[in-house]
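Keeping their order, the protein sequence lines are chains A and B. The opening position of the first sequence corresponds to residue 1 in the UniProt record's numbering, with each subsequent residue numbered one higher. The opening position of the second sequence corresponds to residue 1 in the UniProt record's numbering, with each subsequent residue numbered one higher.
Any given hint might turn out to be false.
Said to hold, decoys possible - The list that follows gives simulated cross-link-like pairs (lysine to aspartate or glutamate, DMTMM-like), each with its CA atoms no further than 25 angstroms apart:
1) Lys164(A) x Asp140(A)
2) Lys407(A) x Asp153(B)
3) Lys418(A) x Asp138(B)
4) Lys268(A) x Asp138(B)
5) Lys70(B) x Glu37(A)
No wet-lab data here; the hints were simulated from the structure.
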Amino acid sequence: MSLDRAKVSRRGFLGLGVAAGVITLTACGSSSGSSDEPLVMTVWGGETDRSTYQKRIDLLVKKHPDLKVKLQLIPSDSYAQKVQTMIAGGNGPDIMQVAENVNVYSSKNQLRPLDDLAKKAGLDLQKRFGAIGSLYSYQDKVYAIPDRSGAMIVYYNKTLFESKGIDAPTADWTWDDALAAFKELTTKGKTWGYGGAGWWPQWWSFAYQNGGTIIDANGRPAVDSDEVVEALQWAGDLLFKHGVVPSKAEYADMGADVGGDQAFAAGKVAVNATGFWAISGLAKTEFEWDIAPMWRGKKQAVSSFGSGLAISRTAKNPDNAFKAIDFLTSPEAQQQIIATGQDVPANIEVQQSEAFLKPAWMKTTVNMGVFAESSSFLFKAPFIPEWNEMQAAFDTGLADFWLGKQKSAKVALTAVQKNLESIIKSAG
Amino acid sequence: MAMSKLRRREALWFYLFVSPWVIGFLVFLLGPMISSIYLSLTDWDSFTPPKWVGLQNYVKLLTDDPVFWKALGNTFHYAAISVPLGLLVGLWLANLLNKQVRGRKVFRTLIYLPTLVPLVAAAMVFRVVLAPSGPFNDVLGLVGISGPQWLLDPSWVKYALILLSVWGAGSATVLLLAAMKGIPRELYEAAEVDGAGPVRQFWSITVPHLTPVIFFNLVMGLIAAFQVFSQVYILTPKASQPGTYNASQTMVPYLFDQAFSYYHMGYASAISWLLFAVILVFTLLAFRTTRRWVFYETEVK
Numbered sequence: 001m002s003l004d005r006a007k008v009s010r011r012g013f014l015g016l017g018v019a020a021g022v023i024t025l026t027a028c029g030s031s032s033g034s035s036d037e038p039l040v041m042t043v044w045g046g047e048t049d050r051s052t053y054q055k056r057i058d059l060l061v062k063k064h065p066d067l068k069v070k071l072q073l074i075p076s077d078s079y080a081q082k083v084q085t086m087i088a089g090g091n092g093p094d095i096m097q098v099a100e101n102v103n104v105y106s107s108k109n110q111l112r113p114l115d116d117l118a119k120k121a122g123l124d125l126q127k128r129f130g131a132i133g134s135l136y137s138y139q140d141k142v143y144a145i146p147d148r149s150g151a152m153i154v155y156y157n158k159t160l161f162e163s164k165g166i167d168a169p170t171a172d173w174t175w176d177d178a179l180a181a182f183k184e185l186t187t188k189g190k191t192w193g194y195g196g197a198g199w200w201p202q203w204w205s206f207a208y209q210n211g212g213t214i215i216d217a218n219g220r221p222a223v224d225s226d227e228v229v230e231a232l233q234w235a236g237d238l239l240f241k242h243g244v245v246p247s248k249a250e251y252a253d254m255g256a257d258v259g260g261d262q263a264f265a266a267g268k269v270a271v272n273a274t275g276f277w278a279i280s281g282l283a284k285t286e287f288e289w290d291i292a293p294m295w296r297g298k299k300q301a302v303s304s305f306g307s308g309l310a311i312s313r314t315a316k317n318p319d320n321a322f323k324a325i326d327f328l329t330s331p332e333a334q335q336q337i338i339a340t341g342q343d344v345p346a347n348i349e350v351q352q353s354e355a356f357l358k359p360a361w362m363k364t365t366v367n368m369g370v371f372a373e374s375s376s377f378l379f380k381a382p383f384i385p386e387w388n389e390m391q392a393a394f395d396t397g398l399a400d401f402w403l404g405k406q407k408s409a410k411v412a413l414t415a416v417q418k419n420l421e422s423i424i425k426s427a428g
Numbered sequence: 001m002a003m004s005k006l007r008r009r010e011a012l013w014f015y016l017f018v019s020p021w022v023i024g025f026l027v028f029l030l031g032p033m034i035s036s037i038y039l040s041l042t043d044w045d046s047f048t049p050p051k052w053v054g055l056q057n058y059v060k061l062l063t064d065d066p067v068f069w070k071a072l073g074n075t076f077h078y079a080a081i082s083v084p085l086g087l088l089v090g091l092w093l094a095n096l097l098n099k100q101v102r103g104r105k106v107f108r109t110l111i112y113l114p115t116l117v118p119l120v121a122a123a124m125v126f127r128v129v130l131a132p133s134g135p136f137n138d139v140l141g142l143v144g145i146s147g148p149q150w151l152l153d154p155s156w157v158k159y160a161l162i163l164l165s166v167w168g169a170g171s172a173t174v175l176l177l178a179a180m181k182g183i184p185r186e187l188y189e190a191a192e193v194d195g196a197g198p199v200r201q202f203w204s205i206t207v208p209h210l211t212p213v214i215f216f217n218l219v220m221g222l223i224a225a226f227q228v229f230s231q232v233y234i235l236t237p238k239a240s241q242p243g244t245y246n247a248s249q250t251m252v253p254y255l256f257d258q259a260f261s262y263y264h265m266g267y268a269s270a271i272s273w274l275l276f277a278v279i280l281v282f283t284l285l286a287f288r289t290t291r292r293w294v295f296y297e298t299e300v301k
């Protein structure tokens with residue numbers, strides 16, 4: 001599960017006290033570590049995540065008894081703040097889980113570049129992880145090793161598809177094919193064809209399929225281009241022109257915090273594009289379902305979810321930390337990620353293994369090969385240092401668009417473009 | 001001589017009892033406060049060393065940050081309605097609960113209950129209650145009003161927040177009720193003999209006696225309203241409710257975003273000091289007006 005997704009449902013409250021707390025902590029000195037101290041590894045998530053990481057660490061310690069790793073699990077909604085506080089307080093972790101916000105840290109000199117360590121260890125990132133091998137890089141240096149990674153995939157309600165006589169979605173569906181199917185699958189006020197594309201991995205996929213890009217090769221925002229505008233307009237039209245996607249109001253009526261994932265599980269939307277994690281919510285559905293790769297526009301493109309492991313600048317023993325990461329991303333340790341049903345392992349060898357394609361815990365037949373199939377057309381989302389601000393700019397700039405108050409994607413994106421130009425200072 | 005010994009002993013007790021707060025203040029508040037003044041004059045991402053920028057953060061906030069002004073405006077809007085409304089509702093409820101009716105103990109409990117519900121839980125419930133076709137709008141529908149999309153419509157979301165704040169008026173009610181109970185009965189009896197009706201009694205006896213408590217609630221309410229955070233944070237999370245994100249953005253959530261989402265710790269510190277200044281001004285204004293309307297019984301005696 002990506003950290004970004006966790007934010008969608010984040011709650012809890014932190015007030016001024018947190019700000020004061022951070023500053024208080026910064027006033028405290030850092031403790032100097034001896035080489036005997038365990039490596040501290042911070043990850044986010046819940047209980048499944050804890051047990052999966054711990055199992056992998058246990059395997060590591062069995063293999064390398066000289067390494068000691070202390071796992072620190074932090075709830076997703078406060079992970080970034082907690083790590084920020086730890087680093088600011090001089091007690092940063094040695095190994096830390098990072099995702100879209102990796103370059104918040106790398107651009108501020110908080111992470112160690114890993115190219116030399118990888119070379120020394122003989123780790124070929126392209127070979128082990130394929131196209132996403134260098135996903136977490138900044139200014140041509142790699143700052144995190146991919147650990148969990150899965151394409152966004154298409155969940156579809158098999159029962160509903162069959163009852164309407166529609167063939168299952170494929171990677172060769174065009175936008176028109178998708179729209180035609182959604183229209184068939186929609187029963188006004190009861191079921192909708194598609195869960196919607198308001199979340200960045202969803203509509204950005206269409207933008208890249210259409211030949212667009214969010215940040216161009218020179219590091220400048222490019223969201224007002226014709227390609228991106230056309231893609232967003234298509235996604236918006238699904239809602240307001242064709243009515244095949246539930247509106248915000250209709251979602252709100254389904255319950256607090258109901259989005260595409262929950263609505264799909266409840267049988268209210270027939271197609272939903274999201275990540276691996278939704279599988280766990282579909283163990284007991286009243287209908288049959290399966291997964292398929294993302295459809296295509298002018299070309300194939302789909303976003304990927306996941307996270308990587310990075311070594312902090314203050315790590316006590318970077319060589320040991322890398323040794324740990326090297327093992328944790330090896331096939332042996334990565335097997336655990338699918339064995340517990342936690343996520344998709346980034347290691348390609350594991351993604352193609354029998355253990356991944358037919359997990360023991362899976363009750364129904366699910367086409368798990370979709371993940372490997374999608375990996376050839378993943379696009380690389382721009383993980384810029386200003387990631388969070390960029391997301392906020394999209395959130396606010398497109399708010400009226402997703403509410404149907406601003407019908408023109410061109411107008412909305414022109415405003416976002418202007419905002420992004422003031423937010424993104426550095427090129428790269 | 002004996003008097004001064006007693007005084008000294010009393011002073012000793014005073015310092016003893018107040019010391020936990022003093023120590024807490026010095027250790028946990030004063031240091032961070034001073035360092036945040038310094039930080040507000042720097043560009044600091046919380047990782048790399050702060051860079052001195054002088055008053056640049058303040059200049060940018062006041063002259064070149066539309067979101068800040070929007071948040072400030074929203075905060076004023078929220079405070080201007082929720083504080084007086086909360087007081088009025090509290091006063092009204094307290095007056096009702098002061099009547100000699102059957103089951104008033106049950107009512108007192110019920111009215112205080114919302115204050116005991118954790119805010120997070122209450123806000124979650126409100127999200128369901130205020131859904132476009134939720135129970136609240138259903139009730140409005142019964143009397144022929146078609147309810148707005150409370151949390152989705154930028155022009156209504158602030159009123160949803162105000163509604164949530166008024167729902168918690170129970171704590172003010174309890175304080176006002178206690179004060180009402182303390183008003184000497186003979187004042188009412190005398191008024192009755194003089195021929196004053198219940199309304200006249202309320203305005204000429206009850207309200208003047210309550211003014212110190214009203215004043216206390218006003219000041220505390222103002223401070224709480226300016227610092228509103230949890231309600232906004234939970235009721236209108238920016239990711240699932242981006243439509244109302246800017247419309248419901250108030251000062252502290254904005255500060256939080258700048259500090260912990262965008263890593264502009266220096267800028268966030270500047271926001272917190274501007275907020276401090278705003279609260280200070282309004283609290284002082286409130287104190288300046290006390291002479292005109294707050295009545296302390298001790299002043300008469």
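Exercise for review: May I ask which of the numbered hints given earlier this structure violates, with the numbers listed in increasing order?
Suggested key: Numbers 1, 3, 5 - these are the hints that the structure violates, sorted from lowest upward.
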